[in-house]
Structures are given as structure tokens and as C-alpha cells.
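Hints given; two lone chains; assemble the complex.
Chains as they are written, first to last, in the working numbering: chain U, 129 to 312; chain F, 40 to 379.
All the given hints hold, so there is nothing to weed out.
Estimated spans, in silico, between C-beta atoms of each pair:
{"#": "1", "chain 1": "F", "residue 1": "Val-93", "chain 2": "U", "residue 2": "Pro-290", "range": "21 to 29 Å"}
{"#": "2", "chain 1": "U", "residue 1": "Leu-301", "chain 2": "F", "residue 2": "Val-331", "range": "30 to 38 Å"}
{"#": "3", "chain 1": "U", "residue 1": "Met-211", "chain 2": "F", "residue 2": "Val-93", "range": "49 to 57 Å"}
{"#": "4", "chain 1": "U", "residue 1": "Thr-169", "chain 2": "F", "residue 2": "Gly-276", "range": "26 to 34 Å"}
{"#": "5", "chain 1": "F", "residue 1": "Arg-347", "chain 2": "U", "residue 2": "Tyr-293", "range": "34 to 42 Å"}
Chain U residues, not near chain F, derived (Cβ > 12 Å throughout):
{"#": "6", "residue": "Ala-207"}
{"#": "7", "residue": "Leu-272"}
{"#": "8", "residue": "Pro-278"}
In short, the hints are calculated from the structure, not lab data.
For every residue, glycine included, the Cβ atom is placed at its ideal position computed from N, Cα and C.
The lines below spell out each chain.
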Amino acid sequence: MTARPVVKRLVKRKGLFAGFKGNVDAITLGLKYLVDPKRFTLIYPNEYIKLDPGYRGFIVLHKEKCINCSSCARICPAAAMRMIKRQEQDPKTGKVKMKLWPVINYQRCIFCGYCVDVCPTEALYTVPYHDIVYENMAEMDWGLETFTRPPEHPVEKEGGIPVKYIVDEERGLVKVKAEGEEGD
Amino acid sequence: MDVVKLILDIIFYPPIYQLLLIGLVGSLVVVIFILWFERKATARVQRRLGPYHVAPRVAGFPQLVADLVRYAFQEVIIPRTVDAGIFILAPIVATILSILPIAVVPLTSNPGYWPVPMDYSVLVALAISTVSPIFLILAGWASNNKFSIIGGVREAFVITAYELIAILSILAASATVLSFNFVDVVEAQSRIWFIILNPLAFLAAFLAVLMATSGFPFEIPESENEVVAGPFTEYSGLLYGLNMGAAYMKRFALSILMALAFLGGWAPYTPGEGILSGYLIPSIIVIAKATVLMMAFSFTRSVYGRFRLDQALDGAWRLVFPMAILGFGLALLEAYLGVV
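In isolation and in its complexed conformation, chain F is listed as follows (with noise of 0.2 Å):
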């Protein structure tokens, strides 16, 4: 039994928990899924089929496990006029960093099963959010190609639109409870979440990702029919795959974040001890909020078109940034009649 108990300890410890099993092997389930769901939703939206003839009898579910095959068997082209390190790095980079914030929040109120001192952990996970986008410049940059800058600038203008309303609005949360700490942020929700008293903030924190992660109204840096693939047009198999599962896996740690700000993280469950019930439920919760704030996310695609850079930007300075504001300010006002 003791045999059993180390390898539970390594496989529980938090970071690698966390790091490795949510971050890596969990995202990857979830992006499995979500991507499945995605198309399947579209179609069914759109009065198609979708994926289904990889295996009809789970409607073609496997079929982003066959994608992931031809990608990782394609050959890696990298072109002579690249600039190679930073060509091959930067999707790498980009991909880490992009599952790192997931590393740094809470995902049980037990604190032996912290990864990091919680005090500060909202701020800090915000912060290294926002560190990701520039590799997916410097992608583009790298390429010497004249679509993938084009797309590197348009990233770095959708940039300056959300990252601020992510920010603000995730800090709505933490302005309600006079805390940056993810623990209080969410035991405050055990009676009421936050989604319910702050909508304001979560429709800001919801286009805000959107945007970030090029989700369907945004998807302006990779539009398919004005720059070829964005950033992204010189690269080739698994690398083009990293890059596009990058967006995806960003989006899960977002969704991470915004699951335990406004959905009340394991709210309904209240963590023990153990490693069961103090450290595997809560975040099996978490990470279904998440997976269904994914699939909110995903169901966009079917209904909007693609917004022009021009409008994206202009809706988000004029309008979803005074509502940012605004939930900022609710936050503020509840924090002062003391709601929660």
C-alpha cells in the first residue's frame, strides 16, 4: 500500500497535478471534446451532419484524435527566409504559456493542496494570461510573410482591446470581496455566485475571452478569407497544431479563471480532507464549469459572422469597456453594502 500512496502523493502533488495532469492531459480531453462539439453544434445549427463517418456510432466523436494523427505524422516544412529559432519556439512558448495560469489558482479550499501561497494568486494568474499573445506576434513576425504580419498586428491591436476588460473584469470579483485571493474569492460564493450579483463583469470577462482566444464575432488575426491563416500561415504539421490547440488551451485556463470568479469554483461541494474529497472533486467541478463555459464559448461560432477589425475594436473601446467599467463599479458598490 505504500507503493500505492507515493504514487498517489507524486500524482497529487499540485504542481504536477495541476500543471501536468489538468494542464496537459486534461486540456487535451477537453479541447477533444469541445472541438467535437463545436462542429457538431455548428452543423446541427446549420442543418448539416458534421464529423461522423470516423466512427458513427459515437457520431464521429474521435474525430479530432484523427485530425491530431494526420498532424503529427505531416512533415514540418520550415521555409529558408524564416527566422528558425524563434519560428520553432514560439508556438512552443506560446502553447506553456497559455496552460501555465492554471498552475497558479486554487482548485480545493484545502490549502495542503495549494501549488502556490494563495495571497495574491488572482493577480497573478491574470498576469501570466496575458504574457501569451506576444509569441503569437512574434510568430508572425518570425514567418516573414506578409499575411502572417498582417495577423501579428491585428493580434496586437485585438490585444490592447480585451486585455484590459479581462482584467478589469476578473478583478470585479476580487474588488467584491476586498481580496486577491482566489480561496476567498470563491468561498464568498458559496450562497450566491457571482454571475447572478456581477453579470455585468462576466458578459465584459466573457467577450473579453472571446476576443483573447479568437473566438468566433473575433476571430480576426486568423480570418480565414482575408489573411490566410493569420499568424499561423507559414507553419505545418504538429507545429500548426500547437499553435491552433494553443487557442483552445488558453481558452480552457481562461475558462478556469472565470469558473472560479463568477461560477462559484467547487461551490456546491465544500472540500475535506484527503485527497479525494479534498483535492479530486473540487477540481473535476471546476474544470466542468469551465468545460461548460467552453461550450458557451463554442456555441458562438454557429450563430455570428466574423466581426471587421474596425468593428471588434470600436464594440469593445465604446461599448464593452464602459461595461467593464460599470461591473467594476457594481463590485465596488456591493463590496460596500457588504453582499457577500
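This is chain U alone, in the form it adopts within the complex (with noise of 0.2 Å):
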């Protein structure tokens, strides 16, 4: 179907100070604001946003639920998470067993949290952030005592502040702190 000209009318021009209003309307909205001002700025070493617990952030081991079934491997699509064979000790026989460990390299990590919706025994979970930076690339190849410890965040250590934003009917976006939730 080809396209049908249009005739489009020109805006008339209205009076000489037509405009007026206009101006005079962003001028007041301009100053209501400069002196009410709705920012929401997060200032970002000072403050950090605090995420919810089921946020796909870094992922760390629970060593004794995992029961070496490679699942995690083999779901990953990056190729980020790999097996390790490691000699284990068995606590119940006190036999030297060699097991497989998964073992994650964040260079190719794309926090998809395929690993741990398909781990079965729920051996792997997710920390709420992700903003952790490296040195060099060998840093983010972690091996199996890396995994099975929770990163430390180094915004909330050097004393960041928790925030939230909720939105508010009359103001949009408000930055809120977040509190009460030190336990979990």
C-alpha cells in the first residue's frame, strides 16, 4: 500500500502574546522547583542502593549441600562456571575421595543465575550486589575457598549508606535510607 499524501495544515499564528502565558508558566515551574527541589541523585560511594534479596548479584558455594552433580556447569551459557577435581576427605568413612567442585570465573560471568535456579539441593545462592571491582583478570578466576565464602562490599564496608527508592504519588522517585534490614 503506497502512502497517501497528507496535507498538513500550518499552526496559525495566534496574537502577539500568545506566548505569554507559556513563559510565564515554565518561568513559575522552573522556580517552584529551584525552590522545592524533587532530585533524587544517588551520590554513589556515600550512598548505595540497597537491592533485594533475590537480586542476581555474585554467587557463592554452600560446600555441604553440593553434591558435585556438574548441573551448574552444564547450564551455564557464558562457559563461566567449570568443574575441579579436588581429593575430599569423607567425614562419615575417612576415605580420600576424588570429587568434582564447581569453580566460577567472573571475566565471563554475565549474572544470569541459571546455576542457581538448576542447582537441585540449592547449594549455591546470590549475594544482593555486584559492584565489586578487580585489580587484574587472575583476581576474578575463583578458586573453590574463594567460592564458598560471600565477597565482602566494599561500598557498605567503607561506609556507605544504605538507600531505597520508592515512588511517591506527589513527588515521583524519592530516595529513601534503608533501614531494619541489617539481619538478613
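Right, dumping it as C-alpha cells:
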């Protein structure tokens, strides 16, 4: 179907002072915001957003729950998770066995969280932060010992204030201090 | 004590005081404050934070000082294709000429502290204020770059629009008192300011100063997303800083003219004898009024977008120019009726 030409009418020029009200309105609104600014900038290193527990941040392993099934390494779309062999002493029988354990390479990880979802024993879990910086690439390739501890959150450790954004009907986005969630 | 008196006499020798202390140092301090205010006000209106990290306790106030230090230590690159002499001289001369009107206006009614004879000071100040744009065009031409030439031509277009308006609307104040003497203009406002008597001329002068100094709705010669930086495209380092500062210094000088012509100059205060009462306090009052005007100029940046060149010229000739004429007529009517 060909496009049909449409005759557009130019907006007729109104009177000489028709734009006056628009200017006055704009300046009034600007003055209102100047007096009462509704700003919500996150001053990042001094504040950080406290994310909810389900957030797909860094992935950590509960070594006690892991049944060495390799599902996480198989489902990983970026091939960040891989299994390594490690000799382990069985606590019941006392035998030394070769076992496969998952380790993760954060150079490759895309934080999709499939490994956490697929884990049959919930041995993998995510921490609700991902703003961690490494000095070199080798540090991002985690070994088994690093993988079993949750990484420390630098912003929180250096005294950043946790905040949350809520939607207020009058003021739009509002930044409030997140509190009362220290325990979990 | 003689030494102190000598130093005070040198400092408060009117040409030195007005040109160096107010013109250079004072305008630099005012520009630092105004640029901070401009960024902060724009940030507040746009729900941002503005300058912060330079000094969080004073809300990023010394941000411009940091910027100036950066500009001062940047390399000044002079491209091979430019006309080097004019390229270097144009921003310097433009900066000097933009603060020169301060040297011919009275900042007190005490005749001992006038820098020049005041009989035709309105005309002289307005005449000097119209010289500096030529050097902006010259800077654009000497840069030998298409963006800078387009910027210079835009500047020329804008000059034709605002110059007549600025002169007519500030002369309206002098038409009301039937005198070209700035002191007469200011002293006639001891009861009621001309901004109330003649709001049309004030509004026209406000818009004309905004156009003259590339204030935001009329930031046409340097519009960043059309011509890179207009006439200043090829500049770098301190020369670029001078170019940017020249617009603000010109705005400061024109604000002082407007403060004298419409906001009553040193009006609530009556200058007396001596340096303190006769010169320092009245001049500080004038500068404070000019600073308030500059804050109003800066605030427009947060509200308005940029006009196209044709829109600005259309508005200037069809709307603001008749407004200036009407303001002048109103001034003549007031002079006829003897309002002041």
C-alpha cells in the first residue's frame, strides 16, 4: 500500500502575546523546582542502593549442600562455571575420594543466575550486590576457597549509607534510607 | 597612617578601582559565583545535584576555580591554518572591551569619585559596550574553520537584532530624566525605580542583554550541537577560557548598566563624604543589584531551550523591538508628565 500524501496545515500564528502565558508558566514551574528541588541523585560511594535478596549478584557456594552433580557447569551459557577435581576426605568413612567441585570465572559470568536456579540442593545462592572491582584478571577467576565465602561489599564496608528508591505519588521517585534489614 | 592613606588613595582612585578591582577582580569573583549558581540552579530544576565533589561542605562552590586551574595549565594549541596574530589578540581584546563599560559609569553620586566626567556617560557606556562583538566575529574569521565562520556570522546576525534594542531600552531611562548623565538617571530613582515606571523597557533590555551575552534562549552563536563551539571552535586552554569568560564579564558590565538605569543604582543609600560612605558602600550596592540581575539571567538557562536563529531574529524584530519602542514612548510620556 503506497503512502498517501497528507496535506498538513501549518499552525496559525496566534496573537502577539499568545506565548506570554507559556513563558510565565515555564518560569513559575522552574522557580517552584528551584525552591523545592525534587532531586534523587545517588551520591554513589557515599550511598548505595540496598537491593532486594532475590537480586542476581555474585554467586556463592554452600559446600556442605553440594552433591557434585555438575548441573551448574552444564547449564552455564557463558561457560563461566567449570568443575575441578579435588581430593576430599569423606567425614563418615574417612576415605579419601576424588570429587568434582564447581568454581566460577567472573571474567565470563553474565550474572544470569541459571546455575542458582538449576541447583537441585540449593547449594548455590546469590548475594544482592555486584559492584566489586578487581585489580587484575586473575583475581576474577575464583578458586574453591573464594567461592565458598560471600565476597565483601566494598561500598558497605567503607561506610556507605544504604538507600532505596520508592515511588511517591506527589514527588515522583524519592530516595529514602533503607533500614531494619541488618539481620538478614 | 600616611602610608595607609596613600595606599587607600591609590586603590580607590576611580579608574583603578573600577577597572581593576571591580572590572577584573570583582567580575571574576562574581562570575565564579554566578557560574556556580547557574549550574546549581539548573541542577535543582532538572532534579540533579550539580557540582558536588570538589567541596561537598560548601556544595561544590570552588568548582569554577578548579576548572580555571585546568584551563590555565592546558596547552594552547594554535593551528597552522589560522591567522595567528588576530587569533591570539581577538579574545584578549574582546575581554578587555567587555569590561570597559564599567570604567565610565558612576558608582557613587560623590563627584570626587567619578572616573570620567559624567555628562554623556550613558551614551559613552552604551557605545563602548557595542565594540566587543566585532572581535568575536574576528576570532571566528581568523580561525579559518567552517564552524567558527558560521558561528561568527550567527553572532553578526544576533548583533543586528539586539544592539538597537539594548541601546533604545537603556536610553529610555535617560529619556525619562531628559539627561545623558548616569548620576541624574540614578538620582531620579530615589523614590521609585524605573523598573516599576517602565517595565517594558526593562524587559526589552533584559532580553537584549541575554541575546548579547549568549544567554540561554539565545545561545545561538555557540550552540554546541549545531556549530561545535561557534567562533571558539579552534581555541584551547586559557584563550578558550578567556572567550567563555568574556561573555560573562560582558554580562556583568551590562548588568551594572541595567542596575544603574532600572534598579536605582545605589538608591536606598545616599552617598556621603569619604571613601567608605562615598564610594565603597554605594559601589557594593550596585554590584549586589547587578549580581541579582545576573542570577535572573542565569536562571533562564534552566527553563528554556535554545531558539533557532530565525526564531530569535523574528522574535527580536517583531516582538522585542516594538516593545523597546513602546518603552521609549512610555519614557517620553513620563518625562512629559513629569512623573519623576
